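Work out the full structure: start from the sequences and follow the hints.
There are 6 protein chains.
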Amino acid sequence: MQGKPVRNSLVEMIQMVRPEDANPLGIAFGGKVVAWMDMAAAISAMRHARIPCVTASIDSLGFLSPIHIGEFAIIRAQVNYTGKTSMEVGVTIDVEDPLTGIRKRTTSGYLTFVALGQNGHPVQIAPIIPETPEEQRMYEEAQRRREEKLKRRGESI
Amino acid sequence: MQGKPVRNSLVEMIQMVRPEDANPLGIAFGGKVVAWMDMAAAISAMRHARIPCVTASIDSLGFLSPIHIGEFAIIRAQVNYTGKTSMEVGVTIDVEDPLTGIRKRTTSGYLTFVALGQNGHPVQIAPIIPETPEEQRMYEEAQRRREEKLKRRGESI
Amino acid sequence: MQGKPVRNSLVEMIQMVRPEDANPLGIAFGGKVVAWMDMAAAISAMRHARIPCVTASIDSLGFLSPIHIGEFAIIRAQVNYTGKTSMEVGVTIDVEDPLTGIRKRTTSGYLTFVALGQNGHPVQIAPIIPETPEEQRMYEEAQRRREEKLKRRGESI
Amino acid sequence: MQGKPVRNSLVEMIQMVRPEDANPLGIAFGGKVVAWMDMAAAISAMRHARIPCVTASIDSLGFLSPIHIGEFAIIRAQVNYTGKTSMEVGVTIDVEDPLTGIRKRTTSGYLTFVALGQNGHPVQIAPIIPETPEEQRMYEEAQRRREEKLKRRGESI
Amino acid sequence: MQGKPVRNSLVEMIQMVRPEDANPLGIAFGGKVVAWMDMAAAISAMRHARIPCVTASIDSLGFLSPIHIGEFAIIRAQVNYTGKTSMEVGVTIDVEDPLTGIRKRTTSGYLTFVALGQNGHPVQIAPIIPETPEEQRMYEEAQRRREEKLKRRGESI
Amino acid sequence: MQGKPVRNSLVEMIQMVRPEDANPLGIAFGGKVVAWMDMAAAISAMRHARIPCVTASIDSLGFLSPIHIGEFAIIRAQVNYTGKTSMEVGVTIDVEDPLTGIRKRTTSGYLTFVALGQNGHPVQIAPIIPETPEEQRMYEEAQRRREEKLKRRGESI
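Protein sequences, first through last, are from chains A, B, C, D, E and F. The numbering of the first sequence is this note's numbering, which starts it at 54 and goes up by one. The numbering of the second sequence is this note's numbering, which starts it at 54 and goes up by one. The numbering of the third sequence is this note's numbering, which starts it at 54 and goes up by one. The numbering of the fourth sequence is this note's numbering, which starts it at 54 and goes up by one. The numbering of the fifth sequence is this note's numbering, which starts it at 54 and goes up by one. The numbering of the sixth sequence is this note's numbering, which starts it at 54 and goes up by one.
In case anyone wonders, no lab produced these hints; they're calculated from the structure. Computed from a predicted model, the values in this text were never measured in an experiment. Some hints here could point you the wrong way.
Copies of the same chain look alike in the list, so a pair counts if it fits in one copy or across any two.
Here are the simulated DSSO-like cross-link-like pairs (lysine-lysine), alpha carbons at most 27 angstroms apart as the crow flies [unchecked claim]:
1. K157 / K57
2. K202 / K157
3. K204 / K157
Take a look at the structure:
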């Protein structure tokens with residue numbers, strides 16, 4: 054199976070935080086933010102695999118600062134690493150102040166997706182090809198995370 | 054007030070069409086699609102004006118082909134033209150087949166936004182500066198649409 | 054195919070604007086308002102055609118004043134004009150103050166719908182019959198809008 | 054306080070049942086249908102009282118037949134009876150087949166609303182004036198229901 | 054058909070009231086609260102019958118006090134009584150103050166569900182077996198309500 | 054500050070998976086499932102702290118098998134461990150087949166929440182007191198996870 058470059062899997066999504074996305078403190082609900090990240094990551098995984106993909110795990114996802122009603126959440130996703138049937142997708146959220154344009158990183162995390170065949174069983178996907186030094190670094194870090202995870206679980210994914 | 058280039062106002066948003074977005078025929082509801090376009094256009098208007106903006110009109114918006122459940126809708130918006138307190142935002146939707154990656158234009162339209170000051174009255178915005186030939190063409194077409202519209206209505210906006 | 058009177062296609066819908074419909078300024082989102090109009094217009098089109106109909110275009114839709122949380126939005130739709138397979142639906146929104154009952158027009162627009170057969174291709178619909186002078190005027194104006202639009206596009210719909 | 058006729062409180066709302074309103078059997082969820090009825094009834098109560106009103110009880114609400122995806126639900130509400138600070142609102146739903154136009158009654162029920170003053174305590178409302186024989190009949194039946202309910206509870210509302 | 058104890062049908066659900074659940078007064082919409090109760094009751098009915106069930110009626114449901122944004126709504130449901138194809142489900146809501154943990158009963162009601170076979174017609178369900186004195190009391194009260202209702206309607210359900 | 058037992062923080066929530074929760078494959082969206090878990094975990098954190106809490110991170114969350122439309126998702130949360138201002142909440146989802154009652158574990162994960170004071174800064178919370186051997190085991194595992202995480206990040210949370 055022929056490899057595909059990381060840039061094929063890039064996804065950019067933007068959301069203005071609305072009252073319906075907020076908790077009683079006036080900031081976006083964690084659950085809503087993760088739902089946006091999962092959507093962006095799922096599209097990224099499918100842009101790489103071109104096969105239906107489902108979320109297998111959320112491995113590490115940190116909320117560094119809250120996102121307020123009215124702010125823009127810029128969600129970006131890309132495939133960092135591929136196994137045989139699964140891939141790690143890195144997702145970040147930058148928040149943009151609508152009145153000043155100032156942006157800052159508020160959330161980042163890693164999600165693992167699995168490609169599913171017609172019968173609902175995992176199917177093989179194309180390997181990802183990191184091209185830039187940054188992509189190469191992300192690939193190696195993802196590989197390390199995967200190994201640590203396998204070691205912790207003592208089982209293959 | 055200093056002008057700002059069109060590229061400052063670019064917005065890209067992506068949505069996977071879900072069952073909750075669909076009508077009984079299994080295709081995305083017109084109303085849902087317009088809601089996405091309005092959101093992207095509002096963010097574009099605010100990226101230009103850096104002032105809260107509200108939709109003043111939807112001037113012409115055509116649905117060329119349906120978007121099915123599971124497909125990706127790629128929504129793009131940019132400010133085409135600015136008046137004193139209002140601006141025309143052009144929005145397009147390309148649909149991407151998740152399994153083949155093939156994209157085609159399904160929707161395009163023009164929305165007008167007005168910037169609102171603290172008191173809820175329209176306030177002046179920076180002029181847009183078209184830089185590329187394409188941006189220049191969009192600017193002129195938007196200007197022509199505006200003049201036709203003013204003529205049809207026989208009133209200023 | 055036998056014609057049907059405009060009154061067959063009348064639709065009235067009412068919505069109380071809730072926090073979940075509002076933008077950060079506390080007024081109903083343009084996109085949400087259009088979604089209501091599209092829904093009412095789709096029902097109007099189907100009440101005339103009695104065939105599944107989808108939105109083909111939003112031709113001109115103006116937001117004259119904002120609708121606040123707690124206010125009632127009264128959405129009315131009717132078929133103004135029919136072509137062979139498409140029809141123009143006129144939609145208005147009056148906002149009603151819940152405490153005083155005072156109403157005013159806040160939004161009006163025209164949407165075009167197409168009737169779709171089993172195979173997804175446009176199918177012929179019954180002609181609309183304007184009966185009152187007001188309906189006759191709406192019919193003629195819609196006809197004029199259609200001709201202008203065809204002239205602008207240089208193509209048939 | 055001067056009475057107001059029942060016709061002032063009439064509300065008509067229409068909803069096309071969408072996949073997002075349906076349960077796994079493809080018919081509208083009971084909870085969703087009641088939410089529509091409660092919304093229509095709340096608007097009816099406020100059209101009569103012109104004071105913010107909240108649901109106090111749902112007294113008897115029967116689902117005679119299911120509403121399927123794609124069908125139109127026509128929700129109608131009117132104030133049947135008024136006490137000092139509360140009122141009974143009658144609500145019905147007729148379902149309309151989009152392809153044939155055939156309608157049938159699927160749901161009807163009675164809801165009680167209370168008008169709330171600034172401090173959140175019940176406040177007096179204008180008496181309802183039944184004008185037609187049908188309205189008179191509804192008024193008397195509502196009065197009888199109220200008396201039975203008070204007797205069953207052994208307490209005033 | 055073998056009977057099943059009430060405890061099999063117990064359901065506990067919890068919801069934090071979010072801005073999207075609230076009306077313009079900042080308290081949970083009646084319609085939203087009923088939708089939660091209907092969901093819990095439907096699950097309770099299906100836990101007893103193990104057959105798809107739909108809401109047949111909401112017989113008596115009182116809102117004793119409002120639920121504010123940020124509060125926890127604890128919804129509990131259980132089958133009180135079974136007929137041949139239908140059952141009465143009792144539902145209560147206790148509201149919990151998130152900062153003090155103080156709870157109070159805000160809503161209670163009875164809903165009737167019918168079990169549906171493949172063809173959409175009512176099918177027989179197992180009888181419920183009340184075990185505790187409280188369950189026995191609920192059973193008898195439900196039976197009395199059912200008899201009164203049949204008498205009022207002069208028809209069998 | 055006086056400690057509180059784990060059982061104070063227990064939360065049980067149940068959701069029937071509806072078409073609006075599903076992806077195009079007919080199974081619950083990962084993002085939706087995480088939103089439910091985040092809600093349950095937030096309530097659990099607040100039941101322990103009795104202070105507003107926000108999601109700080111999702112540390113490890115695995116989707117073992119899909120949840121289909123119509124199935125019941127039983128979400129359980131409890132505080133496993135407390136630091137000075139943050140706590141780890143363990144969340145599991147068991148899926149219940151509505152027709153057979155058979156349940157199986159489909160999802161489990163750990164989320165970290167931080168208690169926020171009036172000024173939006175973290176505030177001290179009561180220590181959790183594990184009572185049962187199982188709670189003691191969860192506490193120690195959470196402590197180990199926290200130490201590994203701090204080591205990986207080389208920073209305190």
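Outcome of the hint check:
no.	hint	verdict
1	K157 / K57	between (30 angstroms within a copy, 22 angstroms between copies)
2	K202 / K157	between (29 angstroms within a copy, 23 angstroms between copies)
3	K204 / K157	between (34 angstroms within a copy, 25 angstroms between copies)
Of the numbered hints listed earlier, not one is contradicted by the structure.
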